[in-house]
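Based on the hints, put chain B in the right spot on chain A.
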Amino acid sequence: MTTINPKKAAPYSVQGSLRKKIWNSKTLILMCVPAIIYFIAFSYAPLPGIYVAFVNYNYRKGIFGSPFVGLKNFEFVANSGKLWMLTKNTILFNLAFIVLDNLLAVIVAILLKEIQSKAFRKVSQTMMFLPYFISQVLVGLLVYSLLNSDTGYLNVVRGALGLEPLKLYKTGDPWPLIIILVHLWQKTGYNSVVYFAAIMGIDAAVIEASMIDGANAWQKIRYIILPSLKPTIVILLLFALGGIVKGDFGLFWNLVGRNPILYQKVDIIEMFVYRATISDFNFSTASAVGLYQSLIGFIMVITVNAVVKKIEPDYSLF
Amino acid sequence: MKKFLALLMAAVMVLSICSAALAEEISVENAKDVWAEKWADVDTSKHVVINYMTTGDAPTTGANAEMLAELNKILTDRVNAELNIVWISWTDYLANYNLRIASMDGSIDLIGSSTDWLDAWPNAKRGGFLELSEDMLAKYAPVTWATVPKEHWDVCTYDGNIFFIPEDNYSQWTNHGFAYRLDWAHEAGLADGVKTWADMTTYLKYVKATYGDKLIALWDTDGTAYPASGYICSFVKWRAIDGLASGALWGGYLDDPYTINCLYLAETDKLVEYAKLAKEWDELGVWPTDVLSNTGADNRMEFRQGKVALEQHHTQTWTGLVSPKSSTDNTMYLEDEDADVGFFYWGEEAGYVTRDLVTHGVAAVSAASANPERTLMVYDLLRNDRDCYDLFNYGLKDRSYAIDENGYRYTPDSYVADKDSISTNWWWGRNDDLEIPSAAMNWDAINALYDEYDKIAVMYPYEAFVFDNSNVQSYINQCNEVYSTYMKYICFGQYSGTAEEIVAEFQAALKAAGVDEVTAELQRQIDATYKK
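Top line first, the protein sequences correspond to chains A and B. If you count by the numbering used here, then the first sequence holds residues 1 to 318, one letter each, in order. If you count by the numbering used here, then the second sequence holds residues 319 to 850, one letter each, in order.
Only chain A is shown next, with the shape it has when bound in the complex (with noise of 0.2 Å):
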């Protein structure tokens, strides 16, 4: 943010004053450019396409020759009946993702910080992020090959045990849990990255005076780190919940998929639009779908932002 002497701005118009800033902010501006490109590209240009969710779309026609149907796209999402409790699923669940990813990056950020050994460091993280590349089919896979009841590695042990197998792909109720699990595998060691940054970042002096203090390791972490993540956490929290309607299709598809025993519990939006639409090949449905989500989470970023803007206005995005 490049700050003006009113002393100095006050002779030049608005226009020059804008001119003047924009030079004086000339490089930052420079290094912004492929993020702006990006963003005007991929995010800005297509936005008039969000008219594809109201017509009846036509290859030939195209998205604005196409006949309008007012909110004939979004019927079939609302006359479900299921609406309401799938978008509650998909809230909770991403909830659930929001406060355990943070919660769990920062804990093992701390963690990292306290190894004293380098190479013990090196290569738990390493194995913790390692998880995180695996596509999420070979996660489905992977689980399935744990978990199934005839030739799964759980049930064989349970077998060698002389125990009855648990039957977890005829049952519902486990799926959350496991659901929440195998995504806090995966992620962890991703999300912690950020974190461990950002205490790396934090001036050394602070904490050595700390320690001259007489403070525990406790109480560094109580008054000196976690007050210091804050920001942090504040704006990954923000950027978060931007998307909290939206679904992660590939793990719960990967994991539970086509078995109604298991989704019928843990649906999502995603998950029921993807089963009942995948025979309709309609862009106008999905983007209906999909525009009903971005509103919510909009709403949801702007009402955040603004109740973060009253209890700590450094903290909010804009």
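One or more hints might be untrue.
Calculated pairs, DSSO-like style, for lysine-lysine (alpha carbon to alpha carbon, straight line, at most 30 Å) [as the list claims (entries may be wrong)]:
hint, chain 1, residue 1, chain 2, residue 2
1, A, 88, A, 310
2, B, 806, A, 167
3, A, 167, B, 597
4, B, 526, B, 625
5, A, 170, B, 849
6, A, 88, B, 829
7, A, 265, B, 594
8, B, 597, A, 82
9, A, 82, B, 513
10, B, 532, A, 170
11, A, 61, B, 443
12, A, 167, B, 526
13, B, 443, B, 625
14, B, 443, B, 468
15, A, 309, A, 82
16, A, 265, B, 829
17, A, 167, B, 513
18, B, 829, A, 82
19, A, 167, B, 625
20, B, 594, B, 625
21, B, 625, A, 61
22, B, 849, B, 773
23, B, 364, B, 457
24, B, 526, A, 170
25, A, 167, B, 532
26, A, 167, B, 594
27, A, 230, A, 88
28, B, 715, A, 72
29, B, 513, B, 523
30, A, 265, B, 526
31, B, 773, A, 170
32, A, 82, A, 170
33, B, 806, A, 88
34, A, 72, B, 443
35, B, 597, A, 170
36, A, 88, A, 265
37, B, 806, A, 246
38, B, 829, A, 170
39, B, 457, A, 170
40, B, 523, B, 597
Since the hints were made in silico from the structure, they are not lab data.
Leaving out everything else, chain B in the frame of chain A:
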């Protein structure tokens, strides 16, 4: 007077000969003359590439590339065009197929499609396919135009426009059923093989007890094939309207096909019976315990290898399973010389089967094609020209195939599938007039079943019906979702209460999803089509 009569007679005879010559039927026999005449004034000075899109996995054999090179020489010579095949691989094929059509970037010209297993009508209605005028077809695809009868063009017509060319002269049966091990059925005491669902249970029990340890499963299904409608329609003569929903939800009884109903609401008792049978099979251990998550299985391959006892698909698939030499994957015949495969088809118990739709395979021209005329010309050649047909369907002579003294096709001794096989998935332009039967097929068994079908086959009653779904698609989507959810419970015995309870729950869910709205809309449009 006598002279006059003689003259008159002579004149009549000359005239009749002339008219006979004029009306000489266009067929594959005289196709070359027809093309010479019709295409004489077509401007083919510019060389073009016709991109043909099909579903399937792209072949990597050298023979395939050589075959295409050979074919393109002929096509260049005849119509100054060459063919390129665009493959839509099987993973998520329907979405990718539709996406490619929707992209409208001119990258595809000729499209293989189907009204029952690929979205031919939705794509036509959304503007993806070019309307083919009668003039265009008569000019650029004259042999096809003349050999496809009017009533078959009619079923490819919507809103007065022809949208695709039917593969209507190719004998195949795509009615569904169970392929099973006939030799094991005989051992189980079923002298004629499996003829009823009760026989099927007897067979499964015998196989489980005798071979259970050696098999991966009796039926290593991934839980996405639902035999419920097959079961019900083995007892009542009912036919579904194809291409509406993912399952056989709507249709009518054959004695009154234009009164539309939903099978699963109309036949509660039969559905309950089936749910009980499925539970019995589940407890018998016909499929793996986690059948609904068993996505990694390849049951057909396992059947070929003798590792399972049941495969659910259509007659055409069975013809490959019952013919030992039709595929090198059919290793069950090597391990067990008694091996034999029977087919228990839906409707066998009630004694009827529905003939294939002529639109089960169709060819369309992309609306974005830059060369629709040349596309039709190439199609006409691929479908009706001996040289093109043989190359495109069978490959290089004496390498991919050879012909024996009886006129049957066989693979020569030098044949190695990895190098010499070809694949073009030309399921939209096969032609019985040019087909060379394969010596590898078990024609005795196949023809016996085809003869049986011919005796009991009925026509598909809704061929002229194209549904305008715009008012009820959202309900159809909901019903699809309910259907695929509950079919998994019902067809694999994966429910906890009684069969009656799960069926009642299914029916209530269908009603909540708007099944009756769809039935009513269908009835309205069926009335408009058939009760004029």
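Outcome of the hint check:
no., hint, verdict
1, A:88 / A:310, "holds, 27 Å"
2, B:806 / A:167, "holds, 17 Å"
3, A:167 / B:597, "holds, 17 Å"
4, B:526 / B:625, "holds, 12 Å"
5, A:170 / B:849, "violated, 49 Å"
6, A:88 / B:829, "holds, 24 Å"
7, A:265 / B:594, "holds, 25 Å"
8, B:597 / A:82, "holds, 29 Å"
9, A:82 / B:513, "violated, 43 Å"
10, B:532 / A:170, "holds, 25 Å"
11, A:61 / B:443, "holds, 12 Å"
12, A:167 / B:526, "holds, 22 Å"
13, B:443 / B:625, "violated, 44 Å"
14, B:443 / B:468, "holds, 22 Å"
15, A:309 / A:82, "violated, 35 Å"
16, A:265 / B:829, "holds, 22 Å"
17, A:167 / B:513, "violated, 35 Å"
18, B:829 / A:82, "holds, 14 Å"
19, A:167 / B:625, "holds, 24 Å"
20, B:594 / B:625, "holds, 26 Å"
21, B:625 / A:61, "violated, 52 Å"
22, B:849 / B:773, "holds, 29 Å"
23, B:364 / B:457, "holds, 18 Å"
24, B:526 / A:170, "holds, 22 Å"
25, A:167 / B:532, "holds, 23 Å"
26, A:167 / B:594, "holds, 22 Å"
27, A:230 / A:88, "holds, 28 Å"
28, B:715 / A:72, "violated, 56 Å"
29, B:513 / B:523, "holds, 15 Å"
30, A:265 / B:526, "violated, 34 Å"
31, B:773 / A:170, "violated, 45 Å"
32, A:82 / A:170, "holds, 23 Å"
33, B:806 / A:88, "holds, 25 Å"
34, A:72 / B:443, "holds, 18 Å"
35, B:597 / A:170, "holds, 14 Å"
36, A:88 / A:265, "holds, 12 Å"
37, B:806 / A:246, "holds, 27 Å"
38, B:829 / A:170, "holds, 27 Å"
39, B:457 / A:170, "violated, 61 Å"
40, B:523 / B:597, "holds, 14 Å"
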